[in-house]
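**Q** The primary structure of each chain is shown beneath.
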Amino acid sequence: MRKVCVLGGGMTIFRRRLQETGKEMSYEATKMALEEAGLELKDVDSVVMGSAPDAFDGIHMKGENLLDGAGGAGKPYLRVFVGGGTAVFTPIAGWWHIASGMADVCLVVAEEKMSSVFPHPQSAFGHIWDPILDRPLKPNLVWIFAMEMNRYMTVHGIKKEDIARVAVKNKRNALDHPCAQLAANLTIDDVLNSEMMAWPVQRLDISPPSDGASAMILASEEVAKKLTDDLVYLDGAGWCIDSTMWTDRDLYFPEYVAGAAKMAYKMAKIENPRKEIDVAEPYDPFDYKELHHMEGLLLCDKGEAPILTREGVTERDGDLPVCPSGGLLGVGNPIAATMGIKACEIYWQLAGKAGKRQVPNDPQVGICQAWGDLMQYGSVLIMRRG
Amino acid sequence: MTKPENPKGVELSSKQMKEGDVIVNKWDPRVKYAWATGEAISRFLEEMKNGKLIARKCDSCKRILFPPRMFCEECFKPTTEWVYIKDTGKIETYSISYLDKDARRITDPIFVGVVSIDGASEKMGIMHYFDETTKEEISIGMPVKAVWKPPEEREGAITDIKYFRPLKEGEE
Ligand SMILES: [Zn+2]
Chain V
1 MRKVCVLGGG MTIFRRRLQE TGKEMSYEAT KMALEEAGLE LKDVDSVVMG
51 SAPDAFDGIH MKGENLLDGA GGAGKPYLRV FVGGGTAVFT PIAGWWHIAS
101 GMADVCLVVA EEKMSSVFPH PQSAFGHIWD PILDRPLKPN LVWIFAMEMN
151 RYMTVHGIKK EDIARVAVKN KRNALDHPCA QLAANLTIDD VLNSEMMAWP
201 VQRLDISPPS DGASAMILAS EEVAKKLTDD LVYLDGAGWC IDSTMWTDRD
251 LYFPEYVAGA AKMAYKMAKI ENPRKEIDVA EPYDPFDYKE LHHMEGLLLC
301 DKGEAPILTR EGVTERDGDL PVCPSGGLLG VGNPIAATMG IKACEIYWQL
351 AGKAGKRQVP NDPQVGICQA WGDLMQYGSV LIMRRG
Chain S
387 MTKPENPKGV ELSSKQMKEG DVIVNKWDPR VKYAWATGEA ISRFLEEMKN
437 GKLIARKCDS CKRILFPPRM FCEECFKPTT EWVYIKDTGK IETYSISYLD
487 KDARRITDPI FVGVVSIDGA SEKMGIMHYF DETTKEEISI GMPVKAVWKP
537 PEEREGAITD IKYFRPLKEG EE
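The listed protein sequences correspond, in order, to chains V and S.
Each residue of the first sequence is one higher than the one before, counting from 1 in the working numbering.
Each residue of the second sequence is one higher than the one before, counting from 387 in the working numbering.
Simulated from the structure, these hints should not be mistaken for laboratory data.
Be aware that a few hints might be false.
[To be verified] No more than 27 Å apart at the CA atoms, straight line, and that leaves these computed lysine-lysine pairs for DSS-like:
#	chain 1	residue 1	chain 2	residue 2
1	S	K412	S	K509
2	V	K262	S	K509
3	V	K138	S	K548
4	S	K509	V	K302
5	S	K531	V	K138
6	V	K159	S	K412
7	V	K3	V	K262
[To be verified] A few chain V positions that, by computed beta-carbon distances, are all more than 12 Å from chain S:
#	residue
8	M32
9	E195
10	D319
Owing to the predicted nature of the structure, the values given are computational and were not obtained by experimental measurement.
In this text, a Cβ means the ideal position worked out from N, Cα and C, and glycines have one as well.
This is chain S alone, in the form it adopts within the complex (with noise of 0.2 Å):
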């Protein structure tokens, strides 16, 4: 005796459902969502807008976090200052992607990972894009700074920064 015995379950391939085979019911939902973007992400959109990080630090664990919150959520504090970071900082892992966000597959690869940034707390940062380097240069611990859109495109989003590049030697 194996179990589970005689699972039951009706298999339908793809080719099925296109072809009709089967009925099916669909629907298509319209629906749109306006977020409110809060205190402290607010005013993190607006200094995006002059190419600017900004942060807030805890006074009680002295962490300075980003992205920035009103509250630390380990102090169970409000946080008590602004405080304005870096662009640039330290790559902490990446991936380079062949796949859109609904599974397609593209021949251009994204680069995408996960950037700390400077003057923020140890692995505090933010996840974006790189380019500007490659499979074989492109390495976990990698300095690199924002390239940000100039000023007339920008509109108080994270994409406002393009993407992340390799620091130059003597650039800060």
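Okay, chain V solo, but in the shape it has when bound (with noise of 0.2 Å):
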């Protein structure tokens, strides 16, 4: 297998609605990574474009359709599509084009258009469920994350402030993101206090739908070698899904993550995830999320992850900051798109070119990971500095 490299990542502002078609946000996206690679596009050998559902564009075949803003014309070009999960599984793709020597470059493009559909996203998030033993209930997809939360509050004795402190945090931290739509400077007790969405999930425990495409570029050790000195490699992948049968399986621990952190901690060859990790961006659509899924990454134990956050552990100047791009909370939640605060963020951090939002503490080695369908996937990327 071939070392990947990467060179560059872009994105565009993060908002409720944006003027540009998918295809113009991705082209916009896709020039940024170019740019600050040093490369063009006939430097590209392939293109891999991640896009979450069709149901919100209304389009299918998006793919085809967001293929030339991807600069996928006359190359070898796929999309892939994990749920929530394409975030972090979409440079995944790419680095296999590079590792399995089948090419030397290869962009990246994540794009997501919630925007187009009405009344709600929600209500095409509706045709995700079983058609036979959910969806004749009418569920909304913030159901899952409520079922799910309570039962992981319930199993440890976690308390709500324990886990709106995400919010607070994030939001915080997107005040340093240029693309931010929801970046402010909260307390607790807001939180607390906000709109009653679906107990125990309320307002502020949510990530903002949005229109939003990111993009990176990766390439092998030899070709990266010769445009920098400074090399961030990805280090290891992992993915890994559960059952369909979700009311079967007990939501309070991310088994499947953990089967994604696993697979990418021995590609890494990482021993001890809790000491080795100097920076985590793990996915966090919803407060809870970050903290379910930190011990889902292995970076706790079940159970400790809001205690950290309680400590100050995962804030940007902590042992352990996770998130310190703004995530999902703060900066917005693009499905696919969110690869520019999840991947993107921790090749930036690990580069030093983080800016306003960089971690101090000399970060060797990141993790990022996303989530998505019917809380059964997990896709997991680490990143080591040269």
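Join these two chains into a complex; the hints should help.
**A** In structure tokens:
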């Protein structure tokens, strides 16, 4: 297997609704990533596009619709989709293009335009449930989170205020992100007093639907060495999905995230993730998910993540900075395009390019993770400074 | 330098969309679907009409699988036997929702969650509604029982059970 490096990243602003089409957003993000890498489209051997349900755009064959903006015309091109897990799975698909020797430079683009669907993106989410067992109950996707959050809180005896702390931290971190949609200085009480959506989930526990695109340039070590001395390697990749029968598993712990993490740690030869990981970007569409995923990533014991958060360990200047980007909670949640605040962020942090968001612990190893489908999918990517 | 530098994008408001300040192209897809319910779920739905819940047993791992399936996804072997299970169970988790399926606010909240069914293997259950309880009373681990629609109103659907209610003292 060949070694793979990251050469650049890019992203649009994240907003509830952008004027640009998905194609135009993809173009803007791609141009940015190419510029940072110091490459042009002609240098790209293959293109991987990631985008979540077609139902948002109302355009089937969405991969084809987006391809011109993603620089895919006339090249080996494919679109990948694993629900919310797409944000980190898309660069994984790019990684294997290069690791396998099929390409020297791979352009990875992720796009989501959630604003096209009416009355609300939730109306499109309705189409992901099992048509016979679930849909007759007229479910809302927030129910997934509410049911999982309640189980997680009950099993470990976690208080809501210890979960609200995550929303406060991430929205504050997002004040330093130029793309942020919902950056804010809030208090725990603001979160606890916000509108009740589906108990225990309140409005400020949730990340907003967004439009946006992001892009990354991946290259073989040989190509990367010609362009830069500051190498950042994709060091480990893992992905894992649990059974479709989501009502048959205990929702308090994401076994599938642990499965993906173990696969990635093995590849990256990481034996003690708690000690060896310097910065983490777990998927945080809801505040409790950051905690749930820290535990799934084996960065702490089951039920320990809220305690670490309370002790300040996960602050940007803590021992283990978590979501220094501001995360989905603060920057926004254009599903696949959150690659920009997960994979791109870990690259920028390790390359020392995160500026105001830079974690001060001189990070050598970082991890990012995304999550999706019916509480069953995890994708994990580990990066290391060369 | 803070990456990303000068990110692009032009924000639009819903007001601009509604008032025609920007050109919008609309499309209203009109398609309908009729899903075959398959071997296992067809029988499951037939039994719902009779007011019964049915599962499938895997001879290999001995699990009683519910909702039923014709193969065990772990052993990857055919399941071998239909097993009637009870219409009582335990609340595994729940939510009290003030949102309908299109994220519209509702004042009368929906009690919804996962109920594991007695007689099936541990944790095996379905999503359903809860009622005849309150925000204060409902809890994880609470024993519950199905409340069925009258036989003449059942149509072979998950909604043939109206909801699950708390199990009464001494009741089975
Ligand atoms: Zn089996």
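**Q** Look at each hint and say if it fits the structure.
**A** Now the hints, each set against the structure:
Under the criterion of a C-alpha separation no larger than 27 Å, the hint pairing K412/S with K509/S is inconsistent with the structure, at around 45 Å. With a C-alpha separation of about 25 Å, the suggested pair K262/V and K509/S falls inside the 27 Å cut-off, and the hint holds. Distance hint between K138/V and K548/S is fulfilled; the C-alpha atoms sit about 13 Å from each other, no more than 27 Å. Pair hint K509/S plus K302/V holds up; C-alpha atoms about 19 Å apart against a cutoff of 27 Å.
Taken as a hint, the K531/S and K138/V pair is honoured in the structure, with Cα atoms around 21 Å apart against an allowance of 27 Å. About 45 Å separates the Cα atoms of K159/V and K412/S, which puts this hinted pair outside 27 Å; it is violated. The suggested pairing of K3/V with K262/V holds, with an alpha-carbon distance near 20 Å, which does not exceed 27 Å. Here M32/V does not stay apart from chain S, with its beta-carbon only about 6 Å from theirs, under the 12 Å limit.
The beta carbon of E195/V is not kept farther than 12 Å from every beta carbon of chain S, the shortest such distance being approximately 8 Å. Every CB of chain S is more than 12 Å from the CB of D319/V (nearest about 23 Å), matching its label as outside the interface.
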